[in-house]
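Asks: Put together the whole structure using the sequences plus the hints.
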Amino acid sequence: MAVELIKERKTVAMTGNQAIAEAMRQINYDVVAAYPISPQTELMGFFAEYLANGLVDTEFVTVESEHSAMSAVIGAAASGARAMTATASQGLLYMYENLPIASNWRLPITMVLVNRAISAPLNIHCDHGDAMTARDSGWIQLFSENSQEAYHNLIMAVKIAEKALLPTIVNMEGYIVSHTIGNVNLLTDKEVQEFIGESDWRKNVPHPLLDTDNPVTYGATALPDYYTELKYQQHEATFEAKKYVKEVLAEFNELAGTNYDIIEPYKLEDADFAIVVMGSTAGVARTAADILREQGIKAGVLKIRLFRPFPVEEIVDALKHLKAVAVLDRHDSMNALASPLFQDLAASMYHLPEKPLLHDFIYGLGGREVTVEDMLKAFNRVINLYTGKETRNRFVEYLQVRE
Amino acid sequence: MAKRKKFVNIPVLTHLAEESHQWPYENPLAPGHRMCPGCSIPPIVNMILLEYGKDTVAGSNTGCLEVTTGVFPYTAWTVPWIHVAFENNPAVLSGAEAAYKAFKKKGKIDKEIHFVSINGDGGTYDIGFQALSGAAERNHNILYVCYNNEGYQNTGYQRSSATPIGAFTKTTPVGSKIVGKEEKRKDLTLIMAAHEIPYTAQANPFNYKDFTRKIRKSKDVKGFKFINVLQSCTLSWRTKPEEAFRALKLATESLYWPLYEVIEGRFWRINVKPSKPKPIEDYIAMQPRWRHVLKMPQVLDKIKEEIYTKWDYLLRMEKLSKELAEDLGFTLDEIFEMSWDEYQEKVKPKLKEKTYLS
Numbered sequence: 387m388a389v390e391l392i393k394e395r396k397t398v399a400m401t402g403n404q405a406i407a408e409a410m411r412q413i414n415y416d417v418v419a420a421y422p423i424s425p426q427t428e429l430m431g432f433f434a435e436y437l438a439n440g441l442v443d444t445e446f447v448t449v450e451s452e453h454s455a456m457s458a459v460i461g462a463a464a465s466g467a468r469a470m471t472a473t474a475s476q477g478l479l480y481m482y483e484n485l486p487i488a489s490n491w492r493l494p495i496t497m498v499l500v501n502r503a504i505s506a507p508l509n510i511h512c513d514h515g516d517a518m519t520a521r522d523s524g525w526i527q528l529f530s531e532n533s534q535e536a537y538h539n540l541i542m543a544v545k546i547a548e549k550a551l552l553p554t555i556v557n558m559e560g561y562i563v564s565h566t567i568g569n570v571n572l573l574t575d576k577e578v579q580e581f582i583g584e585s586d587w588r589k590n591v592p593h594p595l596l597d598t599d600n601p602v603t604y605g606a607t608a609l610p611d612y613y614t615e616l617k618y619q620q621h622e623a624t625f626e627a628k629k630y631v632k633e634v635l636a637e638f639n640e641l642a643g644t645n646y647d648i649i650e651p652y653k654l655e656d657a658d659f660a661i662v663v664m665g666s667t668a669g670v671a672r673t674a675a676d677i678l679r680e681q682g683i684k685a686g687v688l689k690i691r692l693f694r695p696f697p698v699e700e701i702v703d704a705l706k707h708l709k710a711v712a713v714l715d716r717h718d719s720m721n722a723l724a725s726p727l728f729q730d731l732a733a734s735m736y737h738l739p740e741k742p743l744l745h746d747f748i749y750g751l752g753g754r755e756v757t758v759e760d761m762l763k764a765f766n767r768v769i770n771l772y773t774g775k776e777t778r779n780r781f782v783e784y785l786q787v788r789e
Numbered sequence: 004m005a006k007r008k009k010f011v012n013i014p015v016l017t018h019l020a021e022e023s024h025q026w027p028y029e030n031p032l033a034p035g036h037r038m039c040p041g042c043s044i045p046p047i048v049n050m051i052l053l054e055y056g057k058d059t060v061a062g063s064n065t066g067c068l069e070v071t072t073g074v075f076p077y078t079a080w081t082v083p084w085i086h087v088a089f090e091n092n093p094a095v096l097s098g099a100e101a102a103y104k105a106f107k108k109k110g111k112i113d114k115e116i117h118f119v120s121i122n123g124d125g126g127t128y129d130i131g132f133q134a135l136s137g138a139a140e141r142n143h144n145i146l147y148v149c150y151n152n153e154g155y156q157n158t159g160y161q162r163s164s165a166t167p168i169g170a171f172t173k174t175t176p177v178g179s180k181i182v183g184k185e186e187k188r189k190d191l192t193l194i195m196a197a198h199e200i201p202y203t204a205q206a207n208p209f210n211y212k213d214f215t216r217k218i219r220k221s222k223d224v225k226g227f228k229f230i231n232v233l234q235s236c237t238l239s240w241r242t243k244p245e246e247a248f249r250a251l252k253l254a255t256e257s258l259y260w261p262l263y264e265v266i267e268g269r270f271w272r273i274n275v276k277p278s279k280p281k282p283i284e285d286y287i288a289m290q291p292r293w294r295h296v297l298k299m300p301q302v303l304d305k306i307k308e309e310i311y312t313k314w315d316y317l318l319r320m321e322k323l324s325k326e327l328a329e330d331l332g333f334t335l336d337e338i339f340e341m342s343w344d345e346y347q348e349k350v351k352p353k354l355k356e357k358t359y360l361s
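Protein sequence lines correspond, in order, to chains U and G.
The first sequence begins at 387 in this note's numbering and counts up by one.
The second sequence begins at 4 in this note's numbering and counts up by one.
Incorrect hints may have been included.
Chain U stretches covered by chain G per the calculated footprint, using a threshold of three residues with CB under 8 Å from any CB of chain G [claimed, not checked]:
no.	region
1	410 to 421
2	466 to 472
3	597 to 606
4	609 to 623
5	676 to 683
6	706 to 712
7	767 to 779
Quick caveat, the hints were computed from the structure, so don't treat them as lab data.
Think of the CB as a built atom: it goes at the ideal place given N, C-alpha and C, for glycine as much as any other residue.
Replies: See below:
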């Protein structure tokens with residue numbers, strides 16, 4: 387630990403980017419690779435200031451592209467370092483080639499994804515396009531509702547990644563969370579260090595590259611006779627990861643007094659209708675649910691914190707008794723079927739003898755503001771679909787298109 | 004007609020035998036790898052690792068070396084080695100080197116570990132150029148060696164920007180309308196010298212002593228170093244395996260592949276100056292992939308223009324460097340022979356004195 391700054395817990399008003407930079411400082415990563423892209427850019431700028439003032443002793447590699455950022459982080463993690471990077475949108479797409487490599491290699495990398503829409507059109511504002519593009523990369527993915535959750539998620543992600551031995555993404559919505567001020571309860575520097583434990587390069591990964599007495603080969607080619615088995619091991623690891631996430635969340639709740647779980651139900655126990663959502667829109671959805679409750683409609687909200695691996699059992703348990711569910715997808719898969727969250731839910735519930743009506747709403751694209759009216763519109767649409775008052779010829783519709 | 008000598012490189016074998024006792028197998032690259040007969044990659048890699056020793060982390064981009072040495076569940080690498088993708092090994096080793104520095108600073112590791120990235124020309128000149136340039140600019144303490152076989156050989160020989168003009172490749176075939184590659188080679192060694200990295204060199208596995216000396220020098224230099232090594236490819240050049248080293252010898256003797264070294268883009272020294280350069284036609288004749296240009300005077304002329312004007316350029320750069328060295332009170336050879344630390348202590352201050360505006 388370079389310099390101990392926070393010796394007592396305190397609450398500070400911070401944006402998501404500031405909160406993440408603060409978490410990075412307290413974690414004191416061995417290696418951080420940085421390449422700018424809106425809306426992540428200032429995050430690394432804050433961290434660079436900590437570095438320039440000697441507050442951390444991180445090796446900061448200012449690479450020449452996002453592809454190199456992930457490459458450098460892979461090289462560092464394989465060497466046994468606690469390593470991270472952050473990016474968004476096109477940057478994630480540019481480094482995508484390396485993501486499945488990191489996950490097949492079981493490297494405990496953490497990455498902050500400041501969710502931003504994918505081109506075209508070019509748009510620097512928030513939607514989940516980048517996170518969704520990475521959904522098959524084999525990485526663990528957590529979503530954050532606000533600066534507080536972003537801060538906590540990154541601290542937990544370090545431990546999750548090292549326990550599950552799978553790289554982990556912390557999603558944080560661009561501008562809506564990254565640049566918006568919220569209250570953040572900060573832990574002390576010591577508490578964060580104790581929670582994540584000391585970084586031991588001989589122990590962070592099972593086979594560190596720097597151990598020249600026990601040389602290893604990373605990146606062998608696997609021909610048809612071995613490829614399947616090497617993927618199967620990763621497959622099983624992905625299923626196992628959920629239990630490690632739950633363990634770490636429970637440990638963290640004890641430390642911080644939070645109540646985190648992999649999903650967050652809101653008034654769902656007796657609900658008939660619900661919105662399923664990830665990220666900051668959960669707050670807006672909860673307000674809408676409250677309004678409907680006052681009107682006598684049993685509405686609820688399911689916020690998903692752990693998106694990958696997809697927590698099938700928990701989500702099915704939370705939703706199976708409902709009459710209808712409005713799924714909110716902040717990304718369009720452009721597949722003439724429906725978007726990712728809908729697909730995950732539909733697949734999870736397909737085999738139930740009785741299941742809710744599911745309808746997919748594409749919302750909030752390119753940073754489009756999401757209002758309570760939008761949420762009420764979604765609720766009312768599924769209610770009417772359920773009662774038969776309205777019909778549909780597709781599973782998916784745009785919630786906010788201006789005709 | 005004189006009987007052709009077969010080339011068995013005795014000095015290489017002797018050196019290998021001397022250094023081999025510290026390695027688990029007779030070479031740093033264990034036997035059983037899948038390289039083609041006549042491929043000069045194994046000697047190149049072994050020469051590098053013999054000089055650098057066991058405390059070296061090596062890496063490669065996707066390519067011939069990678070695919071022939073690491074097929075699960077076997078590996079030929081007796082040092083730690085990492086391969087991630089096609090274009091990013093310098094970035095990967097930048098991260099590994101950063102991790103090493105982080106641990107060293109915190110006292111968590113005390114060994115001295117070297118980092119060596121060994122890649123083909125495809126992954127260096129073209130797709131890997133960005134990562135190479137980035138790592139060079141950040142001056143990581145990494146040796147980058149390009150084994151230049153002048154094409155994408157692993158995929159069956161397609162043109163790269165290192166392929167010479169007129170050469171046949173699968174993407175620049177010899178046809179009735181277009182005859183071979185239409186562009187001349189990119190001179191990557193010059194580009195890397197222009198990055199003003201501590202040490203840049205061009206080498207030839209045939210000139211074994213020179214190559215080994217360059218490897219040794221690179222180990223002493225702190226910061227980013229780049230060596231471009233010509234490498235004969237049996238399958239694509241179609242030179243007979245037993246003739247490979249003879250072709251490599253001709254490459255330098257014909258001035259096609261000059262051997263030189265550059266310190267910080269400032270001091271240039273040519274290592275081999277053939278008193279009577281061999282005709283380029285002799286070198287071309289040894290490569291069936293390129294032989295057809297002997298019947299194409301315009302292309303042959305372009306080739307000669309390229310190599311002779313380049314040779315002239317290098318001679319002039321060396322002359323200027325000699326003058327600069329003498330102005331500072333050294334011979335050019337002294338500057339190249341002294342250790343890196345000595346160079347920093349003795350030459351750099353004089354250079355500043357000489358060149359700062361007062």
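Asks: Do at least three Cβ atoms from the region 609 to 623 of chain U come closer than 8 Å to Cβ atoms of chain G?
Replies: With 3 residues close enough to chain G, the hint holds.
Asks: Closer than 8 Å, Cβ to Cβ, for at least three residues: run that test on the region 676 to 683 of chain U against chain G and report holds or violated.
Replies: n = 0 at 8 Å, threshold three: violated.
Asks: Taking beta carbons only, do three or more residues of the region 767 to 779 of chain U come closer than 8 Å to chain G?
Replies: violated (count 0)
Asks: Establish whether the coverage given for the region 706 to 712 of chain U by chain G is satisfied; the threshold is a Cβ-Cβ distance below 8 Å, and no fewer than three residues must meet it.
Replies: violated (count 0)
Asks: Cut-off 8 Å, C-beta pairs, minimum 3 residues; does the coverage of the region 466 to 472 of chain U by chain G stand?
Replies: Holds: 3 residues of the region 466 to 472 of chain U have a Cβ under 8 Å from chain G.
Asks: Between the region 410 to 421 of chain U and chain G, are there enough contacts, at least three residues with CB-CB distance under 8 Å, for the coverage claim to hold?
Replies: Answer holds; 3 residues pass the 8 Å Cβ test.
Asks: Checking C-beta pairs, does the region 597 to 606 of chain U have three or more residues closer than 8 Å to chain G?
Replies: holds (count 8)
Figure legend: structure checked against the earlier numbered hints; hints not met, in rising order: 5, 6, 7.
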